[in-house]
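Visitor: For the protein sequence lines, the chains are A and B, in the order given. Going by our numbering, the first sequence opens with residue 174, and the numbers climb by one from there. Going by our numbering, the second sequence opens with residue 21, and the numbers climb by one from there.
Hint data in this document are derived by calculation from the structure and do not stem from the laboratory. All of these numbers come straight from a predicted model, not from anything done at the bench. Honestly, I wouldn't trust all of these hints.
[What the hints assert, rightly or not] Subject to a maximum C-alpha distance of 30 Å in a straight line, what follows is the list of computed DSS-like cross-link-like pairs (lysine-lysine):
#1 B/K391 to A/K206
#2 B/K416 to B/K386
#3 B/K402 to B/K413
#4 A/K285 to B/K416
#5 A/K285 to B/K138
#6 A/K285 to B/K377
#7 B/K402 to A/K217
#8 B/K377 to B/K330
#9 A/K206 to B/K138
#10 A/K321 to B/K377
#11 B/K247 to B/K340
#12 B/K402 to B/K377
#13 B/K272 to B/K121
[Said to hold, decoys possible] The calculated label-pair distances, taken between Cβ atoms and stated as ranges, are:
#14 B/S344 to A/V276: 42 to 48 Å
#15 B/S344 to A/K337: 37 to 43 Å
#16 A/L186 to B/Q140: 21 to 27 Å
#17 A/G200 to B/F407: 53 to 59 Å
#18 A/P282 to B/R400: 47 to 53 Å
#19 A/H220 to B/E94: 19 to 25 Å
#20 B/G381 to A/N287: 20 to 26 Å
#21 A/A210 to B/I403: 41 to 47 Å
#22 B/G381 to A/P224: 43 to 49 Å
#23 B/F392 to A/S249: 34 to 40 Å
#24 B/Q140 to A/H220: 55 to 61 Å
#25 A/L186 to B/E315: 46 to 52 Å
#26 B/E193 to A/A210: 51 to 57 Å
#27 A/F341 to B/T189: 50 to 56 Å
[What the hints assert, rightly or not] Just so you have them, the derived chain B footprint on chain A, three or more residues with Cβ under 8 Å:
#28 289-297
#29 301-310
Yeah, the Cβ is synthetic: ideal placement off N, Cα and C, and Gly gets one too.
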Amino acid sequence: MIYFIVFLGVIFLIAMFFISIYNSLVGLRNQVKNAWAQIDVQLKRRHDLIPNLIETVKGYMTHERQIMENITKYRSQAMDAQTIGEKASAENMLSGALGQLRVQVENYPDLKANQNFLALQEELTSTENKISFARQSYNDQVLTFNNKIQMFPSNIIAGMFNFKTEEFFQVEDIKEKEVPKVSFS
Amino acid sequence: MWELIRANKRMSMMLFVGMGFLLILIGYVFGSFYEPDAGGFIGIFLALILWSILSTVSYFGGSKILLGISGAKEVSQEIHPQLFNVVEEMKIASSFPYMPKVYIIDDPAPNAFATGVKPQKTAIAVTSGLLERLSRYELQGVVAHEMSHILNRDVLLMTFAGMMLGAITIISEVFLRGLYFGGGSRYKSKSSKSSGQAQLVIMIIALVLAILAPILARLLYFAISRKREYLADASAVRLTRYPEGLAAALEKISNSDLDLQKANKITAPMYIVNPLKKKGMKLSDLSSTHPPISERIRILRNLQQGANFKNYQQAFDIVKGKKSDLIPSSALNDPAKIGILQPLITQQTFEEIKSAKREVGDVLMKLNDFKFVNCSCGLRIKIPPAFKQSSFKCPKCGTIHNI
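Pulled out of the complex, with its shape left as it was, chain A reads as follows (with noise of 0.2 Å):
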């Protein structure tokens, strides 16, 4: 009888050791989409953002046909892709060519000078701010996600239960990581 109690005991003890393993994963994956929709959101808003920028540049800037339409079309690019390595090349791409919109962008002071320009400007900068924050406390969580299903002993329940580690949202070129997020000031 005794054996029998310590045996039920140490079942009971083993299978709370497994709950509490199985909800953290879960929490942490849930932290993980949580993250993932913050950066979704801000490319969203980078998205409608964009119209409204080259409506308001294209009277000035009349020599950068070339830069627009890239914008253009990585913007639709962007917003048709469905894996996340895809939606990843095609925003990266799109940041280049803003910021080289940026460059040409000293060129035109009469540009510079406009009051909603400079509005729209603050809402770029914050929003391409915004964008690598969400993608740094993204990557934080998927690594947190990745440790936690690979090490012993949690890996053992993640296999059982196909927990799957997840993607860092990378930034292909290394130039990006660089520079710092804005150049607007």
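Got chain A sorted already, so can you dock chain B onto it with the hints?
Guide: Relative to the frame of chain A, chain B by itself:
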């Protein structure tokens, strides 16, 4: 990640417990002084009651009181988009679920503070002087520092510790006054010959405590406060990954020799730098609420390898010249390798500083219900709320505008 810092405030907790012990001690000694048999425990009881009342009041109304005292006004995204955006950026970077409210204090001295004990109701306030002086990056550094206070739950700790300091000060003061105005006579009438000597000893202990306890409590309180400042700097870098932003901001803030108008001794520890810095900041490290700014800047500029907590700890040790345990060891195991953004060369031109000043002036006017009319000649006309007529003439070109 933030839970680690929050859960492991060992040093701060020890100092906090030290203050609690001091509170209980003075309760006991002062109680025994009046009533040798059971008075000690009544004293402890009363001291704890006083502390809980003060804490409850400041827990529920503290941030409102603080914002009220400092004359802060809430701003929306329309009034100051940049400040609002920067706060939102830091909220996103830290995955904090609630957006803090944003306040501006009309004061030329550059400074900032964070408040709010509950995560749902937090606020970040900055002065107009700060907005005038700092670039976007520097502002980001300051806001990240304030956000870190919120994330690390410093406001909660500082509120309870502050109220303990308050309780100790009040009790000691009341005791000393009671003694002065005739507490002594009551003691004389009660004493018999046998217990006289013991009474005398208690009286001496009580007197010494009444004088020393508030000073000691203040030192403990300041020690907690200083530690939290370093931790907030470390967390700010973890958030922005750009230590130069905060370093440059601190440099600019310390170059200003203005004192904040509406700050006092009690609210001082809440600010990013001591708002009352002209009073012996360098003389005594022990009695200042904030670490020396020069040291904070040196630590930030020593961060070369990365923006991890571990990197901050290393830089801290280099600047201090000895090994220490500023950051709890569980947070040091933070696995993320974090690169650092290299300093930008952004020389602000005179023009930019001037326009920043004008913009901040506009924001303050908007807060005070001024109306803005853009005339077609390019002039922006600001109409005070006291202006009652329905139309006016542009002073430059003479166009008539209707309000």
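Visitor: Against this structure, judge whether each hint is valid.
Guide: Now the hints, each set against the structure:
1. B/K391 to A/K206: violated, 44 Å
2. B/K416 to B/K386: Holds: B/K416 and B/K386 sit about 22 Å apart, inside 30 Å.
3. B/K402 to B/K413: holds, 12 Å
4. A/K285 to B/K416: Holds. A/K285 to B/K416 sits at ~24 Å (cutoff 30 Å).
5. A/K285 to B/K138: violated, 42 Å
6. A/K285 to B/K377: holds, 18 Å
7. B/K402 to A/K217: Measuring from Cα to Cα gives roughly 36 Å; hence the hint is violated.
8. B/K377 to B/K330: violated, 39 Å
9. A/K206 to B/K138: The given pair, whose Cα atoms are some 25 Å apart, holds under the 30 Å limit.
10. A/K321 to B/K377: violated, 50 Å
11. B/K247 to B/K340: Judged against 30 Å, a Cα distance of about 14 Å means the pair holds.
12. B/K402 to B/K377: Within the cut-off at roughly 16 Å; holds.
13. B/K272 to B/K121: Holds, at about 25 Å.
14. B/S344 to A/V276: 42 to 48 Å: Given range 42 to 48 Å: holds, Cβ gap about 45 Å.
15. B/S344 to A/K337: 37 to 43 Å: About 42 Å separates the Cβ atoms of B/S344 and A/K337, which means 37 to 43 Å holds.
16. A/L186 to B/Q140: 21 to 27 Å: This hint is violated: roughly 37 Å between Cβ atoms.
17. A/G200 to B/F407: 53 to 59 Å: holds, 57 Å
18. A/P282 to B/R400: 47 to 53 Å: violated, 20 Å
19. A/H220 to B/E94: 19 to 25 Å: violated, 31 Å
20. B/G381 to A/N287: 20 to 26 Å: holds, 21 Å
21. A/A210 to B/I403: 41 to 47 Å: holds, 44 Å
22. B/G381 to A/P224: 43 to 49 Å: Violated: the Cβ-Cβ distance is about 33 Å, outside 43 to 49 Å.
23. B/F392 to A/S249: 34 to 40 Å: holds, 38 Å
24. B/Q140 to A/H220: 55 to 61 Å: Violated - the Cβ-Cβ distance for B/Q140 and A/H220, about 31 Å, lies outside 55 to 61 Å.
25. A/L186 to B/E315: 46 to 52 Å: holds, 50 Å
26. B/E193 to A/A210: 51 to 57 Å: holds, 54 Å
27. A/F341 to B/T189: 50 to 56 Å: holds, 53 Å
28. 289-297: holds (count 3)
29. 301-310: With 6 residues closer than 8 Å to chain B, the region 301-310 of chain A meets the three-residue bar; holds.
This entry does not satisfy hints 1, 5, 7, 8, 10, 16, 18, 19, 22, 24, going by the numbered hints stated previously.
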